[in-house]
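Trainee: From first to last, the protein sequence lines stand for chains A and B.
Just add 1 to wherever you are in the first sequence, counting from 1, and you've got my numbering.
Just add 1 to wherever you are in the second sequence, counting from 1, and you've got my numbering.
Hints are computed from structural coordinates only; laboratory data are not their basis.
One or more of the hints may lead you astray.
[What the hints assert, rightly or not] Straight line, CA to CA, 35 Å or less: simulated DSBU-like cross-link-like pairs of lysine-lysine:
hint, chain 1, residue 1, chain 2, residue 2
1, A, Lys-74, A, Lys-56
2, B, Lys-10, A, Lys-113
3, B, Lys-10, A, Lys-79
4, A, Lys-79, A, Lys-56
5, A, Lys-113, A, Lys-71
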Amino acid sequence: AQTVTQSQPEMSVQEAETVTLSCTYDTSENNYYLFWYKQPPSRQMILVIRQEAYKQQNATENRFSVNFQKAAKSFSLKISDSQLGDTAMYFCAFMHPNNDMRFGAGTRLTVKP
Amino acid sequence: NAGVTQTPKFQVLKTGQSMTLQCAQDMNHEYMSWYRQDPGMGLRLIHYSVGAGITDQGEVPNGYNVSRSTTEDFPLRLLSAAPSQTSVYFCASSPGGSLYNEQFFGPGTRLTVL
Numbered sequence: 002a003q004t005v006t007q008s009q010p011e012m013s014v015q016e017a018e019t020v021t022l023s024c025t026y027d028t029s030e031n032n033y034y035l036f037w038y039k040q041p042p043s044r045q046m047i048l049v050i051r052q053e054a055y056k057q058q059n060a061t062e063n064r065f066s067v068n069f070q071k072a073a074k075s076f077s078l079k080i081s082d083s084q085l086g087d088t089a090m091y092f093c094a095f096m097h098p099n100n101d102m103r104f105g106a107g108t109r110l111t112v113k114p
Numbered sequence: 002n003a004g005v006t007q008t009p010k011f012q013v014l015k016t017g018q019s020m021t022l023q024c025a026q027d028m029n030h031e032y033m034s035w036y037r038q039d040p041g042m043g044l045r046l047i048h049y050s051v052g053a054g055i056t057d058q059g060e061v062p063n064g065y066n067v068s069r070s071t072t073e074d075f076p077l078r079l080l081s082a083a084p085s086q087t088s089v090y091f092c093a094s095s096p097g098g099s100l101y102n103e104q105f106f107g108p109g110t111r112l113t114v115l
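Throw the hints in and build the complete structure from the sequences for me.
Mentor: In structure tokens, the structure reads:
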């Protein structure tokens, strides 16, 4: 079974600085998909960014980018120019092509003014 | 569009009671799913559906039933509630037949089983 590990339960960053959240996963599959979801205090789950395993180019969405290392099974999220609204739980998720979806335990990020 | 709606927002049950968590979406999405979120853990997939009349099990299906008679609705039934089912439940939908498409989540239902 696929597992997703987020080794940083909590992190903090100063406003306008850059922070990187770590995620590793375990799978024997070659084709799969990876995601980062954000859950603010409102509890609403919001997709931040996604990556297809067969694409070597790292995904980017405005201030959010990933460092996808397929051989190392690593999928870290970099948030540039952190904003107060980025304060949230961040979940890394792995999806097998058969739609089996697994989430990590999350990293609580606090952006300090 | 209302997006994904869930009812109720909060529910308290006694052990052994049954109930149905409602989920509806008005975006004509083919894919719908149910997750549970326990403290200190990420979401875990309970059941999912790739279209009306088609459902399948996720990571933690035991104790839950689903059906999909229409595109819009995907109710989750607890047959005989147990304290281990105390959790926050999220319903989600996405266009097309794959989770890879962006999932839109409902606001969640907080369920307590005494």
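Trainee: State for each hint whether it applies.
Mentor: How the hints compare with the structure:
no.: 1; hint: A:Lys-74 with A:Lys-56; result: 14 Å, holds
no.: 2; hint: B:Lys-10 with A:Lys-113; result: 31 Å, holds
no.: 3; hint: B:Lys-10 with A:Lys-79; result: 33 Å, holds
no.: 4; hint: A:Lys-79 with A:Lys-56; result: 18 Å, holds
no.: 5; hint: A:Lys-113 with A:Lys-71; result: 32 Å, holds
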